[in-house]
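Visitor: If you want the building blocks of each chain, they are given just below.
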Amino acid sequence: MRIEDVELGDELPEERPDVSLETVRRFVKAAEMDFPRFTDHEAARAEGLPGAVIPGIMSQGQLAAMIHRWAPGCSILSLDTIFRTSMIVGTPVVCRGAVTDIDDDGIVEIDVTIISETSGATGVLGTARVRLT
Amino acid sequence: MANVDIATIRDEWVGRVFQELDLVVDRERMLDWAISCGETDPRFVDPDHPDFQASTAFPTHINVARMLPDDFPQIGTGGIDGGKSIEWQRPMRAGDRLHAEVQIADIYAKTGRSGTMVFIVNRMTFTDADGAPVATVDWRMIRQG
Amino acid sequence: MILDLHTHSVRSDDGRAKVANYCQWIKKKDLPLDGVVLTEHRQFDAESDYRELEDQYGLLILKASEVETDYGHVLVFGVNEDMVHAFDFARIDNPLPEVLAAAKSCGGFAVPCHPGRRNVGLFSHYEERGPVDDVEVVEIYNGGSIPGEDERSRQEADRYGYRGIGGSDSHIVSRIGLCATEFADDIATMDDLVSALRTGRCEARTWRT
Chain P
1 MRIEDVELGD ELPEERPDVS LETVRRFVKA AEMDFPRFTD HEAARAEGLP
51 GAVIPGIMSQ GQLAAMIHRW APGCSILSLD TIFRTSMIVG TPVVCRGAVT
101 DIDDDGIVEI DVTIISETSG ATGVLGTARV RLT
Chain G
1 MANVDIATIR DEWVGRVFQE LDLVVDRERM LDWAISCGET DPRFVDPDHP
51 DFQASTAFPT HINVARMLPD DFPQIGTGGI DGGKSIEWQR PMRAGDRLHA
101 EVQIADIYAK TGRSGTMVFI VNRMTFTDAD GAPVATVDWR MIRQG
Chain U
1 MILDLHTHSV RSDDGRAKVA NYCQWIKKKD LPLDGVVLTE HRQFDAESDY
51 RELEDQYGLL ILKASEVETD YGHVLVFGVN EDMVHAFDFA RIDNPLPEVL
101 AAAKSCGGFA VPCHPGRRNV GLFSHYEERG PVDDVEVVEI YNGGSIPGED
151 ERSRQEADRY GYRGIGGSDS HIVSRIGLCA TEFADDIATM DDLVSALRTG
201 RCEARTWRT
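Residue numbers (the working numbering), protein chains in the order written: chain P, 1 to 133; chain G, 1 to 145; chain U, 1 to 209.
The set of hints was computed from the structure by calculation and includes no laboratory data. Computed from a predicted model, the values in this text were never measured in an experiment. Please note: incorrect hints may appear among the correct ones.
Unchecked claim - Subject to a maximum C-alpha distance of 20 Å in a straight line, what follows is the list of computed EDC-like cross-link-like pairs (lysine to aspartate or glutamate):
#1 U:K29 <-> P:E11
#2 U:K28 <-> P:E7
#3 U:K18 <-> P:E7
#4 U:K18 <-> G:E87
#5 U:K29 <-> P:D5
#6 U:K27 <-> P:D80
#7 U:K27 <-> P:E7
#8 U:K104 <-> P:E11
#9 U:K18 <-> U:D34
#10 U:K29 <-> P:D103
#11 G:K110 <-> U:D88
#12 G:K110 <-> U:D34
#13 U:K27 <-> P:D103
#14 U:K18 <-> P:E14
#15 U:K27 <-> P:E14
#16 G:K110 <-> U:E98
#17 U:K27 <-> P:D10
#18 P:K29 <-> G:D26
#19 G:K110 <-> U:D93
#20 U:K104 <-> U:E128
#21 U:K28 <-> P:D80
#22 U:K29 <-> P:E14
#23 U:K18 <-> P:D5
#24 U:K18 <-> U:D49
#25 U:K28 <-> P:E4
#26 U:K28 <-> P:D5
#27 U:K104 <-> U:E127
#28 P:K29 <-> G:D32
#29 U:K29 <-> P:D80
#30 U:K28 <-> P:D101
#31 U:K28 <-> P:E11
#32 U:K18 <-> P:D101
Said to hold, decoys possible - Some chain U residues judged to face chain G by a derived CB distance under 8 Å, without partners named:
#33 H41
#34 D45
#35 V120
Ideal placement from N, C-alpha and C gives every residue a C-beta, glycine not left out.
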């Protein structure tokens, strides 16, 4: 993806990341945060959560992966995410992005969101600054 | 959690570095992180790639091990993750020896669907062996009232 | 004339949108908005001057505030020097009757927003504490609502006879204009807006799917 190929308002291809228990377990081990609230629905409910929750930083990583697929070779200079509501492990989510600004020096700004496909709630929203090739 | 208390705590604590640590960036952990987040770009999932590097959000987890200074006042309960931001200065690579400083960048109160919340912004700044900046992570930790 | 009455910029703690980017997005996407009102959290932004952007994009950009009360969040329009001294915008537990009274006595107008929302919505407090006098208008369409919240807002607004407005509550650029308010008359200033809210010559609109 080159800067001249991008237009304000362009939408990134939607993605439905793997949020299965198996993948979340692999993630929490890599992140050294292997707590039952992320990997055990019963234990999470005992903590007052609606079920095992997807770690916010895993969602952030999934958004980064979406951007990297959209613009191979790009560099994400910053990624700022707000975790609004819990996303439940095993419940499908959709990642979205839209180009909201294009700088003269080859940097684009992108809005990113993760939305629960069952409740319609926005779990994560934020922005990224990305240098294109 | 009266506002006046939050203001006082903010004045006292914001800007104070309360922890430093040294770390070596682990190749396997980088790889597992990237794969489980769904990365497919070989720069993040192929350790033999000449530009192999940590995926964007990788340094955010390093905050998880440390929360607040030992003598920080008790504000609310719990420790929900309200958000993370990362700003990169250069890629983080396997085997990099990094130094990190942690400070409280902001404290403020607000209300939301889950009630009264105090946000404590915990900032971790990573530098390399030469002291050059690598990345900065802000963690917005929520304590509930 | 259609205005998005509830938006946040980078001046809010959780806002990530630059006002200039809102403007270029509205034009690029050909949204049916004639302007926006910036309602930063727990503050009034007296400093920012958006006249250049207004001219560049042909949009009206007004400034208000979203404050926090013991009955949930409230948009206050027509903020002036008197109002910012009448109550503490930074507090998260302002008594709602005081905010309503201060807004009125200072020539402004207060509108509880996302009233169907748990904890920070007016109606969630009515259950236990009963209705508050002097509420006239509530936000019945909010772009940040989760399913069920706006439905409750509309039902309860009907029940109490409140008029409704709409706002996107956007915190990022691409959420601007999801909900808005259509005015029967032209709005050129904050005074015009306050008058229109008082007289009720406006209607909430939503484009959420």
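Visitor: If a hint holds in the structure, say so; if it does not, say that too.
Guide: Here's how the hints hold up against the structure:
1. U:K29 <-> P:E11: At roughly 12 Å apart (the allowed maximum being 20 Å), P:E11 and U:K29 satisfy the hint.
2. U:K28 <-> P:E7: holds (10 Å)
3. U:K18 <-> P:E7: holds (18 Å)
4. U:K18 <-> G:E87: Holds - the C-alpha atoms of G:E87 and U:K18 are around 18 Å apart, at most 20 Å.
5. U:K29 <-> P:D5: holds (18 Å)
6. U:K27 <-> P:D80: violated (25 Å)
7. U:K27 <-> P:E7: Satisfied, since the Cα-Cα distance of roughly 13 Å is no more than 20 Å.
8. U:K104 <-> P:E11: violated (43 Å)
9. U:K18 <-> U:D34: holds (18 Å)
10. U:K29 <-> P:D103: Roughly 18 Å between the alpha carbons, so the hint for U:K29 and P:D103 holds.
11. G:K110 <-> U:D88: Holds. G:K110 to U:D88 sits at ~14 Å (cutoff 20 Å).
12. G:K110 <-> U:D34: violated (31 Å)
13. U:K27 <-> P:D103: Holds, at about 17 Å.
14. U:K18 <-> P:E14: This hinted pair is violated, its Cα atoms lying about 24 Å apart.
15. U:K27 <-> P:E14: Outside the cut-off at roughly 24 Å; violated.
16. G:K110 <-> U:E98: holds (19 Å)
17. U:K27 <-> P:D10: holds (14 Å)
18. P:K29 <-> G:D26: holds (13 Å)
19. G:K110 <-> U:D93: holds (9 Å)
20. U:K104 <-> U:E128: Violated. U:K104 to U:E128 sits at ~26 Å, over the 20 Å cutoff.
21. U:K28 <-> P:D80: violated (24 Å)
22. U:K29 <-> P:E14: Roughly 19 Å separates the two Cα atoms, so the pair holds.
23. U:K18 <-> P:D5: Not satisfied, since the Cα-Cα distance of roughly 23 Å exceeds 20 Å.
24. U:K18 <-> U:D49: holds (13 Å)
25. U:K28 <-> P:E4: Given that 20 Å is the threshold and the Cα spacing comes to 17 Å, the pair holds.
26. U:K28 <-> P:D5: holds (16 Å)
27. U:K104 <-> U:E127: Not satisfied, since the Cα-Cα distance of roughly 25 Å exceeds 20 Å.
28. P:K29 <-> G:D32: Measuring from Cα to Cα gives roughly 8 Å; hence the hint holds.
29. U:K29 <-> P:D80: violated (24 Å)
30. U:K28 <-> P:D101: holds (11 Å)
31. U:K28 <-> P:E11: Status holds; Cα separation ~13 Å.
32. U:K18 <-> P:D101: Answer holds: U:K18 to P:D101 is near 10 Å, not above 20 Å.
33. H41: Since the shortest Cβ distance to chain G is 7 Å, the answer is holds.
34. D45: violated (16 Å)
35. V120: Interface hint status for U:V120: holds (5 Å vs cutoff 8 Å).
Checked against the numbered hints given earlier, the structure breaks hints 6, 8, 12, 14, 15, 20, 21, 23, 27, 29 and 34 and satisfies all the rest.
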